[in-house]
Structure formats: structure tokens, C-alpha cells
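J.: Following the hints, position chains B, C and D against chain A.
Protein chains: 4
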Amino acid sequence: MAEGTSTRADRAAYYERIARKNLAPLWESLHNLVPRTPQPRCVPAMWRYNDVRADVMEAGSLITAEEAVRRVLILENPGLPGQASITQTLYAGLQLILPGEIAPSHRHTQSALRFIMEGKGAYTAVNGERTTMHPGDFIITPSWTYHDHGNLEASEGGEPVVWLDGLDIPLLRMLDAGFAENYPASTQPVTRPEGDSYARYGYNMAPVRYQPANGNSPIFNYPYERSREALDRLYRFGELDAWDGVKLRYINPATGGSPMPTMATFMQFLPAGFQGKTTRSTDSTVYSVVEGRGTARVGDQEFHFGPRDVFVAPSWQPVQLAAAEDAILFSFSDRPVQMALGLLREERLE
Amino acid sequence: MAEGTSTRADRAAYYERIARKNLAPLWESLHNLVPRTPQPRCVPAMWRYNDVRADVMEAGSLITAEEAVRRVLILENPGLPGQASITQTLYAGLQLILPGEIAPSHRHTQSALRFIMEGKGAYTAVNGERTTMHPGDFIITPSWTYHDHGNLEASEGGEPVVWLDGLDIPLLRMLDAGFAENYPASTQPVTRPEGDSYARYGYNMAPVRYQPANGNSPIFNYPYERSREALDRLYRFGELDAWDGVKLRYINPATGGSPMPTMATFMQFLPAGFQGKTTRSTDSTVYSVVEGRGTARVGDQEFHFGPRDVFVAPSWQPVQLAAAEDAILFSFSDRPVQMALGLLREERLE
Amino acid sequence: MAEGTSTRADRAAYYERIARKNLAPLWESLHNLVPRTPQPRCVPAMWRYNDVRADVMEAGSLITAEEAVRRVLILENPGLPGQASITQTLYAGLQLILPGEIAPSHRHTQSALRFIMEGKGAYTAVNGERTTMHPGDFIITPSWTYHDHGNLEASEGGEPVVWLDGLDIPLLRMLDAGFAENYPASTQPVTRPEGDSYARYGYNMAPVRYQPANGNSPIFNYPYERSREALDRLYRFGELDAWDGVKLRYINPATGGSPMPTMATFMQFLPAGFQGKTTRSTDSTVYSVVEGRGTARVGDQEFHFGPRDVFVAPSWQPVQLAAAEDAILFSFSDRPVQMALGLLREERLE
Amino acid sequence: MAEGTSTRADRAAYYERIARKNLAPLWESLHNLVPRTPQPRCVPAMWRYNDVRADVMEAGSLITAEEAVRRVLILENPGLPGQASITQTLYAGLQLILPGEIAPSHRHTQSALRFIMEGKGAYTAVNGERTTMHPGDFIITPSWTYHDHGNLEASEGGEPVVWLDGLDIPLLRMLDAGFAENYPASTQPVTRPEGDSYARYGYNMAPVRYQPANGNSPIFNYPYERSREALDRLYRFGELDAWDGVKLRYINPATGGSPMPTMATFMQFLPAGFQGKTTRSTDSTVYSVVEGRGTARVGDQEFHFGPRDVFVAPSWQPVQLAAAEDAILFSFSDRPVQMALGLLREERLE
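Residue numbers (the working numbering), protein chains in the order written: chain A, 9 to 358; chain B, 9 to 358; chain C, 9 to 358; chain D, 9 to 358.
Some hints here could point you the wrong way.
Unchecked claim - Only part of the chain A face toward chain B is listed, based on derived beta-carbon distances under 10 Å:
1. Gly-90
2. Gly-300
3. Arg-301
To be verified - If you only want the chain B side, here are some residues facing chain D, beta carbon under 10 Å, derived:
4. Val-51
5. Gly-108
6. Arg-257
No lab work stands behind these hints, which were simulated from the structure alone.
Being a predicted model, the structure only gives us computed values, none of them experimental.
For each residue, glycine too, the CB sits at the ideal point set by N, CA and C.
Isolated chain A, as found in the complex (with noise of 0.2 Å):
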């Protein structure tokens, strides 16, 4: 039967014989490649500590974090199988380190987040400082910044430490723009003292003569206890938007920009009986729990969330957040690199 000027077995075999020259009809695929809204293959998702907790201390008496590098339980969205993606664009995982290990220092170019979740004794060590890490933080490794992580004895007070890592890695991957290399000890030297960058950059100042190299936070460690102040006094001051609740992003204090610049970071606080309004936006993000409970739309799906439960919002996906209890939200997502591209799309639904 005839389509337009041709059969479709005229065109079946034109078809097939231009596959061979690697050529293919841009216009049985048009509709799929210039979608009209976008069609992730990630899906909404969401892991519950509780559930996955017993398999990452598991993880502890499998393999060592010396063998492991980094021993990690990467949280695969169910939508990407086999490709270390929680997001399209993003990788999330959960690390523990055990008292007394070393998590060996390297670099690479793929950038990450520290968010802290359980546990006390762990640092993180960059660019010569080391930061202890106590739940709550957000801790970052720039792109190509060595770092490594250890964890006192148990004797001295190190316990089980858990956090959420989360990486460009796929990102990295499509752009094919991904290096690596060891330091050539486990633990880099530690040249400056505990809290100097946060000294020189996080009080609203900056050294004299600083100037930013590139577009990373000076800062590495955003401590929980100031996150949370300024969510506090914003909520004591009447501050709720009804959508977000109290919402704030993490900056990098010498641009205003994002901390580092393939993913943005925020904190937010839900009031006891918070009901938001349904939002969407072109950035998937992740979200872990702090404290509290809630109710989290996405999509077709309700997620009923706890404490440092884990999930996560696709692109273009309604999104409605309620809390049960007072709650606080830690998310990330490839904002910046939509913003960058000139792509970001927002819409607050009544």
C-alpha cells in the first residue's frame, strides 16, 4: 500500500540498505528523538535505610575498604539497570568505612558530594585538610582534587560511617571527559589545619588576593549545624513557600554559584503538617532524609519517607512533598548544567 510516494516495502529495503553505510530515516524516529515533553528512562524510586542498611554493614565483613577503594552500594535506579545511574545524569551510592580503615586517595575528574548519615570518627581529606564528618554535613571533592577518607579506631571513638555519595559519573561518561590516578600513598599529607578553608571562605569574607580558579566551592565542608540554624530562623521568621516550604540552595561563596559546577545542593524544611503544591522541573533529583516524615509524590508513585530514606524525582515528574512530622530534605541535581545550557524548565502547578 502506498505511503506518501513509496511502499513500505520500498522503503523497508531502502531502509536496509542504508543501514550498512551506518545511515538511518531521521523521519521514523523523529517523534522519539525531539520528544515533545521529555520521556526519561529513569523512574521515581526510593530506597528505605531500613531496608538497605543490614547490606551495607554487610558490605563491612565482605570486603575491606582497602580492596573495595571505596565500598560502596550503588543505589541503581530501577529504570537504568546495569548502568550506576540513579539518574540519568547522576550516580548516588551508599559508603561505609569502618573504624580504624582508609579509603585510599585518588582523583578524577568526575566531581563529588558527601551527604553524612550515620555514624562519627570519619574525615574527609582534601587538598591537605582533613574534616570530620558528622551526620548532616555536605562535603564536597571538586574535580580533580585528591581525596581520601579514613576513620579513627573504635578504641579512640570511631564508629560504623555511613554516607551518601553522589557523582556525575554518567554525565562524565557521555561526555567521555573521564580521567583518573592514585595518589601514590593511601593517605595524602595533611598540610593545612581542620576548618582553615572554612576560616578563610565561609564567614563572608575571603583572603585579600583570592581569586577563583574555577568554578569549585572554596569551601569543603558545609556543616549541619548551620544548614539547619539558617532553615530554623527562616521558618521562625514566617518564611513558607507553598511549594518548597523553607527552601535554601548551597552556594559557592566566590561566584554565588553552585558548589561545584555539574550538580546544585539544597536543604529544605517541611513543618509538621505540611501539604506543598505540585511542582516539576527538567533537573531529576535526589533526595535524602535528614530528620522527620512525610509524604512524597512523584509521578504515579507515593513514597512514604523516614529518616535517611533515599529517593528520587525524574525529569518532568509532578513532585509533591507533605510532612507528617517537622522534616528536613537534603537534595541534589544536575541543575547548574541545565542552567549553563540555557535548558532549565520550572512550573509551580496550582
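T.: The following block gives chains B, C and D in isolation, referenced to the frame of chain A:
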């Protein structure tokens, strides 16, 4: 047999168990996820125009421009089958428009460039202005701008016109940021005379109150006549880089950056006898030969190129160019994305 | 006698003749107009707080805040008499507000900073928010923002409060860009609780959708407590620059730049016994001593400074600082203007 | 008689006393220091070329270019006598170079522009490249670049050449940021062929690895032929602003900003019979007539202008332009300074 603290079988059982919870062990894939150097799946490839021209023309009898919306043969990288990708982030195709045809008006968030290969009589319309397409012209249709293409009737001098399309389709697919819509009519109204944008922005001047609203160039046709003249003059002045010959990048005169935020474009002259040194970079590049003949070594491949041939150099693959006769190469890549994210690396080898 | 091609008399007659047409010979003044190095008319000078405090207080009995609008004694550079200038681009004055008084609300395109010297009970209101002024606090009232100052009644604990005002009045006079208007009431309405701006922008976080509209910091009070703590911590960490001691610049966290586009502000710590090396730069700087005693050599002058003294270092004059006891200096200059125009030069002499 | 809390005599005595301490009462001068609207001392003025040309030529017999270094008659604003200023921030002068002369090479931090008025044979050299000066060309010699001027011998076709110099001398005097030095020889070596910079940067392209090092345009001659063509085309396309006619600003193609950080430059076309509406802005502007005749109302002045006349419009003075015959006006102002500092205001009056 023991591996560290557990047997291989222990681990396999564990991996199987956690997989059901959408968890995966990072340590089994760390080296793939965080490679020493880029490991592109995209491979070096070439499409000879003489090999594919007949197929392009045949498409003209197989389907109308109107039915196809865009009558394009996608150049699909052999390393990325079925993905409509010439590199991991970029799409390329050969588009044909016959005399008297119209490719109807639509817009999408994907950015597009056109590089004209043969024929005369066709135009592209963007933002209410039509520009006639001449071989060697470089034309942009920025993100979310309505655009349509048309051609004169054969009786008015219209010829079959073929151009190379370059789009960031795979990048936007990964970013889940694709939106599209059709214009209510097949062509948008013409509201400005041909040459208006160029007169406003193309003379190293700009309207007195103009401030750029986004990263897209206000010039939308960069005529070959001008680009060729710049290369000619520089060559006569003695410019000749041992790696690149005489190579210029197109700029957005409102910012100095690339004409669109996701794709850089270049034009270079290689004099007869030029034997370039080897270079490599993390932006994968699509080359389109404008004039002349020569040889491109890309990774372990060697391509003997002539006019209108298209070839592709994946990330971090060594590239070496030589010219048997005076040659002009147009090329495009995702360089501005890599620069915006602090990821671009280049190496010029001796 | 001949000078080149003409006599001195010829030239004088010619000069006189062309002067009537508003013409003048460049060659007679070229070396003054285009000097080898800066030739500031501004001179090094110091105002001892002990010498001027009584005059400031006397002003309180001479005129009311309301009549004066702003009850300020201008610190006028001896090299710039009658110009209300402490440097060629900057104005400085000591402002007094007594218990129960109000300095009425107005706005102007001149940017203003306040550095608090003594007393308690007073506030500054900007953008609907009042901030209590404590000694050592640095407060901004950006260009074209309504601002008023007030003080508690004596019965509520209000004391005479004195602060240093710094404005870009001479700069805007030269640029002919001064506009001003009064608010219809003596005080602007209070629409936001005290601390609101700081909670939003002061914690290395920002509201999620905030984009800076101009170059002014969204924080308007930088409390001394925080600035002092940053300096203390850095000094304890071993930071000590041979020229500057421990010196930080205040930043606009939305951009990383100076808090306002025309004035940079700094705070530095000089430990007891510090003998700084000599530095010079093209930004003329006004220093205000917060704590401690020491010596400043500026050009051919030597100033023995103590708490609340103000001194000024003109462009390109060598400056050398020494501390007899632990000292804190606040300072401000036109550095961001010089940087924006590509003019800043600095030299650190051995 | 009492004035508020004190008598006039009390105050006078107090003022006299504190003056000895370099203190002055703000309240006596507040309205002058912080005016309602700009109060420029610069006044509207015009220099008719026919009135001053003979004086310029006479300077050629009075002093050699070499002795003068720069043989220039300064256009001194009648409101700013003795200050070598045409506006409060800008300097303008008419420079003459005779056949066979050289104006020796030097550099200074002051930025300079040249707008060619008459004659042929002369060149300006910047950064090792000479450019021939044609009437209507706009040439820059950016801050701290060595530059010299020369002219052909009369036997080779050299004619007396006159151009308008525009510099930011008063601005840099206020900023105390002036440095200068002579080149060790009278001319700098020529290291690049004429047209090299334009070929690299003037075609909406740039060398592939070029990144701007500062705010200065890499193009240093903007030829009249091109600027005129852009205006002509736009006028033919129907462009005609009721205030400005057809007005373009010159851009630095590396940034989209002004060619130099301290001065904006414009060229506009007014068709015969054009009666512009009134506009005003805070940047004081110097106009140089290229072609045609017309009338400029500036404040309360009316100037009937013809070719090569120069007139000046102070800050915030109403400006209204009319053309008796097709007219082209070149102009320059301190607009980029005002924009960088957030101070520019404009008003288009009906």
C-alpha cells in the same frame, strides 16, 4: 578461594541478593565507572559523500519533505548503533530539500546547526527572517526558535539542496530536557528583510541598547564568503599552526563565546602539502570537508577525504591532518559544554 | 629665542588666541596629564578619635538629627580642601545619633557603608529590615535603597552611637550620576524581622530561586563577632602574611565580589609585635582602627594609631603597618572600580 | 536668632574651630553632595571645524610632532576651565600629523581612541601592527599598549592628517591610576602585517584557542567603510528609531562589551528631515560629525552642525537631534564605567 574477607561465591550470592533491592557493588565496576582516560564507545568513522549522495537523493523520491517533516539521513556512529548519534552527545544528518518543497515550521529545545553542502535556491527561516543557503554557509537555529526550510520552484532556479545538520539531540536526551512544538502554519511569517540580523550584529557593532538575553548568537547565517576570506588573509599573512593549520572558531559577537551554548564550530585551512602534528582533546568532533583533499588519521584509522565527506574523531583519540591540495574543513563539537563544566582537556603532541 | 620652529612669544600669543576658542596646547601639559606614576593631591592624614570625639558630641547639642538629616562631621583630606573628600573618590564622616533620635529615610545613588565605632541602641533600616548596630559591625546601604537610622530612648538603653560613614560621593560627583529622594515618612515601614537577610544569604546558602539583580550584597550587616572569629581562627592556624598580617575582604556571597560595586572593605589582624613589609597600590584606602595600638607609615608620614582612629593612605604611597599590641583594622577603598576598569596595580616591596 | 538648638553664630564658631582639625559639617552641604539630579559643571559646547582648522594647521608650523610628542589642541569644556577636560571624565583633542612626521612611541594606562577627520597617509601602530587611518575610521589604543603615529612623506602621498583623540584622562586623574612610559625608540618594531588583527577577530570568528586577557577589543581599527555599510543596510531595511535614528554601538567581539572598558563609542545615521525626540542619560557624550548637516539641541543650547564639528552633551541634559541632510554622527561617552558600577540612567522623553 578467599578474596580478602569473603569467598567469590559469598560475594556472588550477596550481589544477587542486593540486586533485587536495586543495589550494586561499586567495587566491581569502579575502574569502568572512573576510568584512567576516556573510553568512548563512539568510534572513528567516515561517510564519503560520493557513497551516500545517491541515497540522499533517493530519499527525495521515497518521501516528501512535508511527510518527513525533515527529510534527513542520520549519520549513525558504528559504535553507537540505533542511537541516532554521531558522537555520544551529538547528532548529524544529511538533509535534502527539493525545489518547491517546504520543511514545516517547528521548534524544539535541541539546538541545531546547518552546514550547506550543495545546491542553490533553499532558505532557512528563523525569528521571522529568511536567509538563503549557499554552500559553505554556517547557519544556526537556536534552542526553542521556530524554524522552517524552503526552496524555490525549479522554474525559479531552485535546485536540490543538501546540508549537514548538527544537533545536540543525544545530550538533551541524557539531560531529559527535550521539548518540541509545531508552528500552527507550515511557514512562519516573514517579518524582517533578509540580512537584517547580519546588518545589526555582523559588523562588529550592535544596536545601541541590545543586551543578550541568552547564549545564542544574534547572527544566524555566517556566510562562507566571509569565513573563507578571513582564512585566506591569515594564511597570506603567514599564519600556520603546526597542528591546526589556520583554524578559526565562529563566535557569538554578543559574548565572544560559541554561537550556541552546546556546540562549538570551527573552520580551518590546510595548505597543499601540510602535514599536521597530532592533537587530541575531550570534545568529540565532526568534520565536514568543504574543499580539497587530504588525509585524517584518527585513532588507528586513516581517512582519505575529499569534498563533502564527513568524518568523526572521538574523545581523546589522536587526530592528525594532512592536505594533498589546499583544503578547507568545517567542524563542530561539544566543546562549550565541556568548558562550561570545567572538563575540557587538550593535548598537542610533538 | 627659538624653540623648535617658533619663539616663546609666538607660542604665548598663539596660546592666548586659541584659548578664546576653548582650545589648549596639549604639549604644555602632557606630562601632568599623563604622569609617569600617580600624582595624588590627596595626602596621608590621620584623625585621632580622642581629638575629635568631643566635637562629634558637641554637634549633638548644636543641631538635631532631624534638622541635620544626617548629623555628620566630614573627615576632609587636607590635600582636598572644601571637597568633602577623604580620598579623590571617597567621602568619610563620623555620624552621631542620640537616644530617641531618627535620621529620616531617604535614598540616593551614592553607595554608603557604616562601620560602627561606639555606643549601643541604634539601628539602620534598609529594604524594610532593621539591624542593630554593634561596634565593629560593617553595614551597607546600597545605591538607591531607602535607609534610615534610629536609636532607642535613653530609658530603653539607648546611648549616643557614633559610626564611620564611607560613601562614593566624589566618584559620583565626577560621574555626574547623583540622584536622591526623600521617603514620604521619617521612617520606612518594617516589613521583615531583624536577621532575615542574614538568615537567607549569610550561611553559605541562598533561597532556591534567588538570582542577583545587581552587584550589591543581599547581606546588609556583617557582624563583628563573625569577622573577628574568622581572623582569630586563621591566626591560630598560623596564617600571617609578611605585608598584611591576617587580612580578609568582605564579599558579596551572591557574586564573590565586593559588597557594593564601588567600594571594597577589609578587616585585618596584626598580632602584637608585627612589623609589616611595605606595600602600595593604586586604590586609596581609609583605615579605621577597631582594637589595639600600632604604627602606620604612609608615604613620608608616621601615624601612631589607637582604637577608633581613622587614617588614609593615598594611591601609590608606600604603606607599612606595625602593631605594638594585637590590633584589628577595618579599611575601605575604591578597589572594585579600579578592577572593573582594568586599572588596579599593586606592589609588595621587600 | 535660634536655628534649632543653636544660634547661627554658635555654628559658625564651631565650624571654624573644627575646620582646623580637617572636619566639616555635612548638614551644610548635604544637598550639594547628594543632589536630587546630576549637577554637571560641564556645559553644552560646540567646536566648529571651520573655526579651529586653521589653528590646528598653525600648530604644525609652531612645533614639530617630535618636540610636541603629541601635537594636539585640547577641546576644553568652557565649564571646566584649565582641566583639559571635555566632560568631567573625558578628554578630547584634535591631533595633527604632517607628512614625514612621527609621533613617538609611548604607552600609558589612559585608554585612547582616534576618530579620523581628514587627510591620508598616516598610520597608527599598536602591538606591532600598523593601520592606515582613513576618514571615518575608529581606532583604539588600549591601556598600557605602546602606540605611535606616523605619516608618509609628501612625495609618497602623505597629507596633513587630523583626527579626534578621546581619552579617559580626567577619570584616571581622579582614580589616581595614571602610569606612563616611553618606548626606547621613536617607533615600535612592526611585527605583524597590516590587517592581521582584523583578519583574526573582525569576521565574527576568532583564533581557536583565543581567550580574552582583558576588556580591550582585539580589533584595533574599525573601518568606516564597514560601519557605514551596516547603517546603510539597516536604514534601507526600515530601521529608524524616533530618538536615535539608526544607531549602533561598536563592540569588542571577544565580550560583546565596549571596545575599551572606560569608553563606549557609537555611530548613527539621521536621514534628511529627521526630527528626533528628546533623550537624556547620565553618560556625558562627545559627538563628532562625519557627514551631513543638522541641529542638536543640548540643554538650553542649539548647535547647527556640519562635517567635522564636535559638540558635547553633559550628563542628564536633554538632547534632541535633527538632520537637514543625511547625517552621520560618531560619538563616545563613559557609559561602560557607569554600567559597570550600576549607575547608568537613561530617559526617552515623548
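J.: Now look at each hint and say whether the structure bears it out.
T.: Hints and how they fare:
no. : hint    : in the structure
1   : Gly-90  : holds (8 Å)
2   : Gly-300 : violated (23 Å)
3   : Arg-301 : violated (21 Å)
4   : Val-51  : violated (25 Å)
5   : Gly-108 : violated (28 Å)
6   : Arg-257 : holds (5 Å)
Hint compliance for this structure: hints 2, 3, 4 and 5 are not met, and every other hint is.
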